[in-house]
Amino acid sequence: MKLKVLYFAGIREKVGTGAEELELPAGVATVQGVRSHLRERGGAWAEALAEGKLLRMAVNQEMVRGATSVKAGDEVAFFPPVTGG
Amino acid sequence: MRISVQQEDFDLGAEVKAIARGNAKIGAVASFIGLVRDVNDGAKVGAMTLEHYPGMTEKALERILAEARGRWEILDCTIIHRYGELKPTDQIVLVVVASGHRGDAFAACEFLMDYLKTKAPFWKKEQTPQGGRWVPSRDSDDEAAERWN
Chain A
1 MKLKVLYFAG IREKVGTGAE ELELPAGVAT VQGVRSHLRE RGGAWAEALA EGKLLRMAVN
61 QEMVRGATSV KAGDEVAFFP PVTGG
Chain B
1001 MRISVQQEDF DLGAEVKAIA RGNAKIGAVA SFIGLVRDVN DGAKVGAMTL EHYPGMTEKA
1061 LERILAEARG RWEILDCTII HRYGELKPTD QIVLVVVASG HRGDAFAACE FLMDYLKTKA
1121 PFWKKEQTPQ GGRWVPSRDS DDEAAERWN
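Note that the protein sequences, when read in sequence, are chains A and B. Per our numbering: the first sequence ends with 85, consecutive numbering throughout. Per our numbering: the second sequence ends with 1149, consecutive numbering throughout.
No wet-lab data here; the hints were simulated from the structure. Any given hint could be a false lead.
[Claimed, not checked] Straight-line Cα separation of at most 30 Å, DSSO-like style, residue types lysine-lysine; simulated pairs: (1) B/Lys1044 / B/Lys1087; (2) B/Lys1025 / B/Lys1125; (3) A/Lys4 / A/Lys71; (4) A/Lys14 / B/Lys1125; (5) A/Lys53 / B/Lys1125; (6) A/Lys4 / A/Lys53; (7) B/Lys1025 / B/Lys1087; (8) B/Lys1087 / A/Lys71; (9) B/Lys1059 / A/Lys53; (10) B/Lys1059 / B/Lys1017; (11) B/Lys1025 / A/Lys14; (12) A/Lys2 / B/Lys1059; (13) B/Lys1044 / A/Lys53; (14) B/Lys1017 / B/Lys1044; (15) A/Lys2 / B/Lys1017; (16) B/Lys1119 / B/Lys1059; (17) B/Lys1125 / A/Lys4; (18) A/Lys4 / B/Lys1044; (19) B/Lys1119 / A/Lys2; (20) A/Lys71 / B/Lys1025; (21) A/Lys14 / B/Lys1017; (22) A/Lys53 / B/Lys1119; (23) A/Lys4 / B/Lys1025; (24) B/Lys1087 / B/Lys1119; (25) B/Lys1059 / A/Lys4.
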């Protein structure tokens, strides 16, 4: 299935892109799964999305926990804790 | 109720007037403005870039406002948050809350800021003499938001 994946702030800079269409392999069904899948690219990806790294995830523009499931066409986003205001 | 995510500056007086005009039930208006400082964590800040997540930002602010309206009497409210390039002394964020009485206006204004700082997808990048750096999130902001639970 295909997802739209967005990256913001420090994560966007580190991985060098702000958005991509991602074809998920069978068996990846959660946001956490997407994160692990992207980590397998290694290098900056492994670093920016590292397991211990404090980051926030959103599905269809709502902040979610890693166990949240994803479906075809979803917009998934990875970003650092927010610092507005 | 008005929520705006914009590059342009805003004018507190004009926003307060727009809120209070024509609604005689409003007895109190509380407001907050956040500004860019020229120093942070010991480093001189020459400029700041604010990034956000278009679409989610507006949704998050609407949700935060709905949450506040469930807790206090809010007769009207304006939230403006800027993004893009900003310099020290520039205005970043405005919250204006109108209510019947000051208690609700003060509390809702503080709540909206505390929630905005931890739930709205904005990120600050500061330019310092040592280069650019993303502002780290603060535990004190999480604690400020949690005390409303």
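Verification of the supplied hints:
1. B/Lys1044 / B/Lys1087: 12 Å, holds
2. B/Lys1025 / B/Lys1125: 41 Å, violated
3. A/Lys4 / A/Lys71: 11 Å, holds
4. A/Lys14 / B/Lys1125: 14 Å, holds
5. A/Lys53 / B/Lys1125: Between A/Lys53 and B/Lys1125 the Cα gap is close to 19 Å, so the pair holds against 30 Å.
6. A/Lys4 / A/Lys53: This hinted pair holds, its Cα atoms lying about 22 Å apart.
7. B/Lys1025 / B/Lys1087: Roughly 38 Å separates the two Cα atoms, so the pair is violated.
8. B/Lys1087 / A/Lys71: Roughly 42 Å separates the two Cα atoms, so the pair is violated.
9. B/Lys1059 / A/Lys53: Given pair B/Lys1059, A/Lys53 holds - Cα atoms ~26 Å apart, limit 30 Å.
10. B/Lys1059 / B/Lys1017: Holds - the C-alpha atoms of B/Lys1017 and B/Lys1059 are around 26 Å apart, at most 30 Å.
11. B/Lys1025 / A/Lys14: Roughly 51 Å between the alpha carbons, so the hint for B/Lys1025 and A/Lys14 is violated.
12. A/Lys2 / B/Lys1059: Answer holds: A/Lys2 to B/Lys1059 is near 24 Å, not above 30 Å.
13. B/Lys1044 / A/Lys53: At roughly 27 Å apart (the allowed maximum being 30 Å), A/Lys53 and B/Lys1044 satisfy the hint.
14. B/Lys1017 / B/Lys1044: 36 Å, violated
15. A/Lys2 / B/Lys1017: 48 Å, violated
16. B/Lys1119 / B/Lys1059: The hint holds at about 11 Å.
17. B/Lys1125 / A/Lys4: Given that 30 Å is the threshold and the Cα spacing comes to 25 Å, the pair holds.
18. A/Lys4 / B/Lys1044: 38 Å, violated
19. B/Lys1119 / A/Lys2: 27 Å, holds
20. A/Lys71 / B/Lys1025: 47 Å, violated
21. A/Lys14 / B/Lys1017: Cα-Cα ~44 Å, so violated.
22. A/Lys53 / B/Lys1119: Distance of about 18 Å is within 30 Å: holds.
23. A/Lys4 / B/Lys1025: Violated - the C-alpha atoms of B/Lys1025 and A/Lys4 are around 46 Å apart, more than 30 Å.
24. B/Lys1087 / B/Lys1119: 24 Å, holds
25. B/Lys1059 / A/Lys4: 18 Å, holds
The structure does not agree with the numbered hints 2, 7, 8, 11, 14, 15, 18, 20, 21, 23 stated previously, though it agrees with the rest.
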